[in-house]
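Trainee: Protein chains in written order, with this note's numbering: chain W, 1 to 278; chain B, 1001 to 1220; chain S, 2001 to 2212.
Watch out, some of these pointers could steer you wrong.
[Unchecked claim] Taking CB as the label site, the calculated pair distances span:
#	chain 1	residue 1	chain 2	residue 2	range
1	W	Val260	B	Ala1142	15 to 23 Å
2	S	Ala2134	W	Pro52	33 to 41 Å
3	B	Leu1089	W	Pro154	17 to 25 Å
4	B	Ala1164	W	Asn2	30 to 38 Å
Bear in mind the hints are in silico, worked out from the structure with no lab data behind them.
Glycine included, C-beta positions come from ideal geometry on N, C-alpha and C.
Below are the chains, spelled out letter by letter.
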Amino acid sequence: MNIWERMQVIDRRWVYLMVALAVIIPFIIPMKFPISITPETQSLYDAVEALPDSSNVMLVFDYYPSTMAETEPMAVAAARHFFSKDCRVITLSNIPLGGPSMAENVTRLIAEEYGKVYGVDYVNLGYKYGYVSVLKGMGQSIESIFPTDNSGTPLSELPIMDSVVNYDDIAFIFEVADNATADYWIAIVNAGYGVPMGVGATAVMAPKFYAFVGAKQIVGLLGGMKGAAEYEILIDQKDAAFKGMDIQSLVHLLIIGLVVMGNVSFFFGRRKRSREKS
Amino acid sequence: MKTGVPVAVSFVAGLIMVVSFFFNEETTKVGGLSQELLNWLIIVGGFTLLLGVVSITRVNWSGVRQKKEGWIYKVFTLISIFAMALPSLLPESWSPLFGRSAGSIYDWLFVYLQAPMMATMFATLAFYIASAAYRAFRARSAEATLLLITATLVMLWRVPMGEAFLNLFPGDIPAWLNTYIMNGANLAVQRGIIIGAALGASSMSLRIILGIERTYMGKG
Amino acid sequence: MTSVAILQIWIVAFFTLALFSFLYKDNPVYKLAEHIFAGLTAGYQVGLVWDTVVIQKLWDPMIYDGKWWLFVPGILGFLMFARFWPKYSWVSRVSLAFVMGTTSGVFITTQLHGLVLPAMKSTMLPLGGGGGLAQAVLAIIVVVGVVSTLIYFYFSKEHTGALGVTAKVGIWFIMISFGAHFGYTVMGRVSLLIGRVYFLFYDWFGTFSEIF
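Using the sequences and the accompanying hints, generate a full structural model.
Mentor: What follows is the structure, encoded as C-alpha cells:
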C-alpha cells in the first residue's frame, strides 16, 4: 500500500482532530481579515433603516436551539436595530421546541440594553401549533390566534397591542429561520397581505432564498453566520457572529485542503491501480 | 363510514379554505368561517403533538417492562419526560418552580440541558461534513467537477480569509460569484425547484381534498 | 460567580462532552445523554401544548368566553388517541382528515399565489430593461436555468432529443447550485460547532479559575 492508498483509508478520527484544531487555533491566534458586505445584507439593513421610527414590527424566532449559534446573532442584531429606532417589537415563534423560550430570553436581554419596557415597547406572543393557521389567521386578527402573550397575559391588557389588529398594522417582518416556515411567511403573509419582509436564514437554507430576493418577495437576506456578521458591522455592534468568522476562515480552508488531498490521493491511487492491472 | 366520513370532512374543510381565499376575510361570512376553522386546526393539531409524546412514553415503558436491551437508558428517557412535563402542568401560583416562566423547572431544564444538548448534537455535523468532504467529494465526472469547483469558490468567498485570497486575482471575483453564481445559476435552479415543488404541493392538496389521495388514512 | 452558576455550567459541559464523545466511539455516557435528550424534548412539548393550545385556545374560551362550539375541535383532538386501540383506530382518521383538508385548502391557493406566480413573473423579464448588457446576460441565464431545471425534473417523457439536451443543460445548472449549497452548508455546520466551542472555552474554562 503506497502513501496515496494509505491516505484514502485514513481513520476518520484524524480528520475530526484536524477540525477540532482548526476551531481552537483562532481562539489563541486571532486573525484580522476584513468582512465585506453583500448586497443582500445591505438591502435588508437599508429597508429596516428606512422604517419610520416607532413602527410596529415583527421579529420571528423560527429556529430550533440546534442552530442557535448561527441564528441567534441574527435575532440579536435585528432586535438591536429595531430598538435603536424605537420600533415596537412583536415577537413570536412557530417552533414547538424552544422557540418561545429563545424569543423571551433574547428579547428581554436586548430590551434591557435599550431601556425598553415589556408590554409597551415589546411583547412575546409565544407559540401556537400549526404555522399555516397561525400565519393565515393573523391576517384577520392577531388576538384571535394569540389571545394572550407567552406568559398568559391577555393581549387586551398590553398597551403595545392597542394599535395592532392584524398585518395591516405591521410595517416590517424580520423572520429568523432554520426551516421551511420562512417559505410560508413569504407565500402566505408577504404574497397575501403585502407586508415587507426580510429573512435571516441558516447557511444551509440561504441559497434557496436568493430566489425570493430575486423575485423581490423579500427585501434582503442574511445568509448564515457571515450574513449575521455583516449585519453586526452595519449596526456597529460587532458581536458573536463577527468573532466567529476567524474560525470559519480556518475551518473552510481546512475543508478545501481535505477536498484537494482526497482528490489527489484518489487520482494517484487510481493511476497505480490501473498500472498494476495492465 | 370508515373512509366516507373522513373524505367528506376533508372535502368540506378544504373547500371552505379555498373559497375563502377569494373573499374578504374580515367582512364576509366565509372569511369568518375560515378563521374559525384555522382556530380549530390549531386545537386539533396540538393534540397530535401530545399523541407523539404519549406514543414515545408507551414505547419506552414497554421496553422497560420487558427489560429489552438497553432498558436502563429508557428509564432515563421516561424520567426526563416526566421531569420536564409534570412541573410545567402545575399552576405557577403553587410555586415559582412550576409552570413555564423563567425560574421554573421547565425553563431550567430547557436552558441548561435540552438546548445545549440539541446544539451539541448538531455541532457534531461539522466533523462529519469534513470527513465526507475528504472521503466522498471526488471529481469523478465533468458534472462532479463542476460541483466541486463551485463549492470551493463559494467556500472561499464566504469567509474573510478566502475572500482576501480571491481579491489577489484581477477582476472582482467575489462580486462575480454573487452576481452570476448565487443570483444567476443558483437562483435559476432554486426557482425551478420552488415552482416544481409548489405545483406538486398544490396538486397533492387538490387530490387530498377530492378524496383521491387517501394514503394519510393508513390501511383498513 | 456563584457556586450554583458554576454547577450549572459544569452540568452543561458534562453533557456537551458526553455527546461529543460519540465522535471517538459509541459509549454508555453518550447513550445516557442521548436518551435524556430525547425525553426532555418530548416533555417540553407537553408543557407547551398544554398551556398554549389546550388551556389558552380550548379550555379558557370554552369556559370563560362562552365559545361552547369549541367542544367540536376538542373532541376531534381527543379522537386522535383512538390510534392506540386498533379496533377503533379508524376514528382518528376523521381528525386527521380535518387537519389534512384544512391545510390542503390553504396550500392550494398559497402555493400558487405565493410561490409559483411570483417566481414566474420575476423570470419573465425584458432583456432591454435598462440594466445594460450584464443585466441582459443574467436574465438569459435565469430563464435558461429555470426552464432546464424544470425539464430535468420532468419524468413523464423520456429524456431524448431536444428534451435530453435541455435536461443535460439542467444538470449542469443544478450542479452549480448544489456546489454553492455545499459551500454554504459547510459554513452552517461549522457555525454550530463554534457555538459549542465558545461555551467550552469561555464559560466552562472560565469556571476553572474560580474553582482551582
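Trainee: Work down the list of hints and note, for each, if the structure agrees.
Mentor: Status of each hint after checking the structure:
Checked against the hint of 15 to 23 Å, the pair Val260/W and Ala1142/B passes, with Cβ atoms roughly 18 Å apart. Take Ala2134/S and Pro52/W: their Cβ atoms lie about 35 Å apart, and the range 33 to 41 Å holds. Checked against the hint of 17 to 25 Å, the pair Leu1089/B and Pro154/W passes, with Cβ atoms roughly 21 Å apart. Roughly 36 Å separates the CB atoms of Ala1164/B and Asn2/W, a value that falls within the hinted 30 to 38 Å.
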